Structures are given as C-alpha cells and as structure tokens.
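Q: As you go down the protein sequences, you meet chains A and B in turn.
Under the numbering used here, the very last position in the first sequence is 511; numbers go up by exactly one each time.
Under the numbering used here, the very last position in the second sequence is 177; numbers go up by exactly one each time.
By construction, these hints were calculated from the structure, which means they are not laboratory data.
For clarity, every value in this text was computed on a predicted model and none was experimentally measured.
Note that CB positions come from ideal geometry on N, CA and C, so glycine has one too.
Zero decoy hints are in this set.
Far from chain A by the CB rule (all over 10 Å, computed), these chain B residues:
hint : residue
1    : Ile19
2    : Val20
3    : Lys37
4    : Gln74
5    : Lys77
6    : Glu114
7    : Thr120
8    : Glu121
9    : Thr126
Chain B stretches covered by chain A per the calculated footprint, using a threshold of three residues with CB under 8 Å from any CB of chain A:
hint : stretch
10   : 138 to 147
11   : 151 to 157
12   : 166 to 175
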Amino acid sequence: MPRRRITSDREKDVEAKFNTEEKTALVVSAIQLSPFQCKEIEVVISRHLGGKYRVENRVDESVIGGMYIKIGDRVIDATLRLKIENLKERLLP
Amino acid sequence: MNINIVQILFQIVNFAVLLFLLKKYLYAPILKILEQRAKKIQEGLEAAEKSIIEREKLEQDKKRLVIVAEKDAHRILEGARIRAQKVERDLLEKSHQEAEKRIQKTENIAQTRLRQMEHELERKFAETVVSTTESLLKDALSLKEQKSIINHQIRRLKQMKIS
Numbered sequence: 419m420p421r422r423r424i425t426s427d428r429e430k431d432v433e434a435k436f437n438t439e440e441k442t443a444l445v446v447s448a449i450q451l452s453p454f455q456c457k458e459i460e461v462v463i464s465r466h467l468g469g470k471y472r473v474e475n476r477v478d479e480s481v482i483g484g485m486y487i488k489i490g491d492r493v494i495d496a497t498l499r500l501k502i503e504n505l506k507e508r509l510l511p
Numbered sequence: 015m016n017i018n019i020v021q022i023l024f025q026i027v028n029f030a031v032l033l034f035l036l037k038k039y040l041y042a043p044i045l046k047i048l049e050q051r052a053k054k055i056q057e058g059l060e061a062a063e064k065s066i067i068e069r070e071k072l073e074q075d076k077k078r079l080v081i082v083a084e085k086d087a088h089r090i091l092e093g094a095r096i097r098a099q100k101v102e103r104d105l106l107e108k109s110h111q112e113a114e115k116r117i118q119k120t121e122n123i124a125q126t127r128l129r130q131m132e133h134e135l136e137r138k139f140a141e142t143v144v145s146t147t148e149s150l151l152k153d154a155l156s157l158k159e160q161k162s163i164i165n166h167q168i169r170r171l172k173q174m175k176i177s
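With the sequences and hints as input, model every part of the structure.
A: This is the structure we're talking about:
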C-alpha cells in the first residue's frame, strides 16, 4: 500500500511522534563510514522525511568517492562514479 | 576523101543509142550510188557531229555530276565530322560526369569514414579520460580526502530538501 507523502513540518513532526518503526537507509560508499557520520546521516534523513531511520553502510570501491543513498524508492547519488559517467556522456558525441 | 553519110548517120544513131543506154543504165545508177554515198557521208558527218555534241554534253554532265558528287561527298564528310565531334563531346561529357560521380562517391565515403574515425577517436578519448580519471581518483584519494568528501556531502544533505 503506497504511503501518503508528508509535505508540512507539522505533518513530519506528527509522523515522527507516532511512527516509531525504524526504517533502513542504504548508504554505499568507497570507505567505511564512521559511526558519527552514520548518525549524522540518520538525523538528516529523519528530519527531512520523518520517522526513524537506521543507516546500513555498504562499502563498494567502484563508487570511487562520495556516497549513494537509497531510502525506499528514493535515491540520492552523490558518488564520483556518477560524476565520471556524466563527464563521459558529455564527452561522447 | 569519101564521106559516107549513111555511115555517119549510123555512127550518130549508134552513139545516140549508146548515150541513151549509158545514161539510162549506167550514169543514173552511178549517180544514184554517188548520191546515196554522199548522203551516207553527210549522215555520217552529221552523226559524228551529233556524237561529238553528245560527247561534249556527256562530258559536261560528267563534270557536273562530279561536282555534285564532290559536293555530296563533302557534305556527307562534313556531316560525319560534325556527328563524330558531337559523339566525342557526348562521350567526353559522359566520362566527365562519370568521373565526377566517382569522385563525389569516393569523397562521400572518405567523409563518412573520417566522421566514423572522428567519432571513434572521440569515444576512445572519452573512455581514456574516464578510465584515467577513475584510476587517478582511486589512487589519489586518500582516506582523509574520502572522509572529507563524505562530510561535505552530509553538510549538503542537511541543506537539501528531500520530499
């Protein structure tokens, strides 16, 4: 069943208060994230989306640098791999 | 000297008869033959004159025909020369067009091949740039820099609006 999108801060607060189920955010990076970094990411995601999130860090050297975050069906790709791919697309005719 | 009248008369009659006979049976036919011969000679002369005139006429006709034939031959030769020139021009033009077409075709092929090579070169260049950048980044990024990048991205994430 699709979730209703939360738009206002008030709705996010309500969601955070009543939705205590912990959700997972997959973060792929070239190096192992420190616990502090994981915590920071969890806080930021929770603040933006509401609810409680736990970061699952996966190390993959092919991303080269930066990180790839997947939360449900949302994807934030901030890896150097993507930037290089974009550069390749721009260079190719 | 005795003159025998009878003898003279007889001689006269005899001569007259002879003359009459000669005139009737010898002179007239000879004259007729002579006239016929003269007539034949005249006819022969006339025929000769006629044949000379005919021959002159024939000569003139021959000359005229030769002139006409020469003119015809000249005209035919001129026509053939003009046709040959036209055929030569047509062939030259056709071969020129063929050559132009072949040059154009070769040029198009060369252009296409050049474009393909350019694209291939650009692709290889892009791939080289990407693979070099990848290798360089993998080798050059220290742990500290990796952490720094991630920290920078976390800061940006804080400023982002995720919905």
